[in-house]
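Visitor: Listed below, chain by chain, are the residues.
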Amino acid sequence: MGNVTFYDRIEDAAAHPEKHAAVGSGARRLLARRAQAVAIYDEMDEMRDRGRLIRAHTLSRLDHYLGQFIDNVEKLGGHVFLARDAAEANEYITHLAREKGVRSAVKSKSMVTEEIHLNDALEKAGVRPIESDLGEYIIQLADERPSHIIAPVMHRTRQDVAKLFSEKLDVDYTEDPLALNQIARTKLRQEFLEADMGISGVNFAVADSGTIAIVTNEGNARMSTTAPPIHVAVMGMERIVPSFEELGVMLQILARSATGQKLSVYTTMITGPRQSGEDDGPEEFHVVIVDNGRSQTLGSELAEILYCIRCGACLNTCPVYQSIGGHAYGSVYPGPIGSVLTPALDGVGPWGELAHASTLCGACKEVCPVRIDIPRLLLKVRDEGHQAGKTPAWLNLGLKAYSAAAERPGLYQTGMKMTGAVTRLAGKDGWIERLPLHLRAWTDHRAFPTMPNKTFRDLWREHKNKPE
Amino acid sequence: MEKQEFLQNIRQQLEKARLPEAAAAPPPLLELPEPPAIDELVDRFARELEAVNGHVHQVTSDSEAFAQLEALFEQYQAHGYLGWDSEHLPLAGVHDYLTGRGFTRGKTRLAHELEARQEEQNELAQFEIGVTGALAAVADSGTLMVQMGAGRGRFASLLPVVHIALIKADQLYLSLNHFIRAYPEVNMGSSNTVAITGPSRTGDIEGVLTLGVHGPKELHVILIQ
Chain R
1 MGNVTFYDRI EDAAAHPEKH AAVGSGARRL LARRAQAVAI YDEMDEMRDR
51 GRLIRAHTLS RLDHYLGQFI DNVEKLGGHV FLARDAAEAN EYITHLAREK
101 GVRSAVKSKS MVTEEIHLND ALEKAGVRPI ESDLGEYIIQ LADERPSHII
151 APVMHRTRQD VAKLFSEKLD VDYTEDPLAL NQIARTKLRQ EFLEADMGIS
201 GVNFAVADSG TIAIVTNEGN ARMSTTAPPI HVAVMGMERI VPSFEELGVM
251 LQILARSATG QKLSVYTTMI TGPRQSGEDD GPEEFHVVIV DNGRSQTLGS
301 ELAEILYCIR CGACLNTCPV YQSIGGHAYG SVYPGPIGSV LTPALDGVGP
351 WGELAHASTL CGACKEVCPV RIDIPRLLLK VRDEGHQAGK TPAWLNLGLK
401 AYSAAAERPG LYQTGMKMTG AVTRLAGKDG WIERLPLHLR AWTDHRAFPT
451 MPNKTFRDLW REHKNKPE
Chain X
1 MEKQEFLQNI RQQLEKARLP EAAAAPPPLL ELPEPPAIDE LVDRFARELE
51 AVNGHVHQVT SDSEAFAQLE ALFEQYQAHG YLGWDSEHLP LAGVHDYLTG
101 RGFTRGKTRL AHELEARQEE QNELAQFEIG VTGALAAVAD SGTLMVQMGA
151 GRGRFASLLP VVHIALIKAD QLYLSLNHFI RAYPEVNMGS SNTVAITGPS
201 RTGDIEGVLT LGVHGPKELH VILIQ
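Those protein sequences? They're chains R and X, same order as listed. Residue 1 is where the first sequence starts when you use the working numbering, and the numbers rise one by one after that. Residue 1 is where the second sequence starts when you use the working numbering, and the numbers rise one by one after that.
Since the hints were derived computationally from the structure, they do not count as laboratory data. Even glycine gets a Cβ: it sits at the ideal position worked out from N, Cα and C. Heads up, some of the hints might be wrong.
[To be verified] Reference listing, derived: stretches of chain X covered by chain R, where coverage requires no fewer than 3 residues with Cβ under 8 Å from a Cβ of chain R:
#: 1; region: 1–14
#: 2; region: 19–25
#: 3; region: 104–113
#: 4; region: 143–156
#: 5; region: 186–196
#: 6; region: 210–217
Using the sequences plus the hints, can you model the full thing?
Guide: Printed below as a string of structure tokens:
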């Protein structure tokens, strides 16, 4: 993934203003809801501090809590598979599917399953995966990737969805979201009840009981983990809390940060498969715990990014995300979180450029429910890239020259005066339409201002000598 | 990967991990405020649940509760329902009452054998109403803590378009934290406990609120004081 490709994706985003408008307004809507929810919750700051401590402590003893969780799941008759990477996770799940004669698998929304490309693996193994979250269902029909970790189809309008449904589902064209919803409900209900396997993510695993908690508003996680006879839960290995006390805290800060709700409509807590005597539930329960770069991240300078609870607030507040949308990032995790997590999991080499798509304004850190210092981590990613020789020669040279001048006030002053004169020569009516050579990219979409006649020092000297 | 290898790998990485603010233990238990009187809890619960499109019917006697139940069945023109076993409902004689009035009660206890289970599951879709109890309720968010198990099917509060939950006022807790403090082992041996806060919803299409996506479209709580 060279700089050119990311740039191309950004250009593409800029070339589709409708998509940009949809994402921008969607993100700002969620941001406003978060603000409302936080305003009426006096304890929010306290809970965020607490949430951070919980994440930090839990990760510092991750081996202990995972060990405890695994033992508890197995005690109840559940199966646990520990996957070093995406390939191992997909191998386990497709093998299980083949063994059990699974033809269709209904899925509730799970970012980690997108990360490991589980749907592709299932399809190759002859299993039909069906996304059940309404947003995910829509993008599956459109053969697209999600553009936001909470609202996957934020980039699409109701007209888009209407057209998609009428084409792919053979139904009458309607733009009414309520009618579109009813269509999806009916189609998916059939899928839920007939699927051979249900696949879910895990918002939080509870170590001391072997419970997994899954949060939705639609009820699709409940359906996916109740109707089919086999349930496979896929879990990023860092998504764990010690006990229900900590789960309570995390659920409350998650809901408020993500969508401005006090709690999501459904928090389904699953502890093992259907016990004998119970009325219903899956006969088999599997948890696939995925590493896929997380343990390496744990031992790296970027470990703090693992505190993330996937609320999406940083996306909603980021001016860059609002402008370019989720797809431009080219990875499953977009926005500020993705700009650190993707390089951390998949390598700074191919993905470090994401960390440059930021003004380091710090808005993400302001809203993060567990106060991750994302700007600090972005700088770390940039630094790693620089150490690995990713900075182009001309920029290195330019920065060295600037540093040298900045350390010599006389040279700096002269340099500024000369640069000012050059810009005024090159410019017209106060603006330079096109910067030369490597700086040309700056002026692809905007003009560069010429520098004023007087420098700050000139003005300072003048004012200093003025009478009070 | 083998468990020991997996965990050992994590241990090795932890030796050089830089985790800001990591302490040796989880933070000490939250100090919980004293809950207000039951009447206040009831009012708060009703307000919060109604704010998320649920309905709360406060009744002060069993006969009022039955009347409310029948009124809802009539409102939705239901012909049948999925219901929890009597011993898990805070109102005695619900099934006699409803079946006595001509409503069909669906069979919620499914077979274990896959083919029979599939057949029985398909039968469940026809019922318009689900009637359940709850383990507890949370006032400051309008949440029902619904615990499944023997005689407490998952589908009753999930499949039908209308979910009616019967609870007693003394099952109310002020906050989720209060509830968890009272039930530190939330799961209590059950394979499924669900915190339900209103009817099913989504804003996925342009942020427009739609109710009844995959779960119930209507949630009615009959709260017996």
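Visitor: Decide, hint by hint, whether the structure agrees.
Guide: A quick look at each hint next to the structure:
{"no.": "1", "hint": "1–14", "verdict": "holds (count 12)"}
{"no.": "2", "hint": "19–25", "verdict": "holds (count 7)"}
{"no.": "3", "hint": "104–113", "verdict": "holds (count 4)"}
{"no.": "4", "hint": "143–156", "verdict": "holds (count 9)"}
{"no.": "5", "hint": "186–196", "verdict": "holds (count 10)"}
{"no.": "6", "hint": "210–217", "verdict": "holds (count 6)"}
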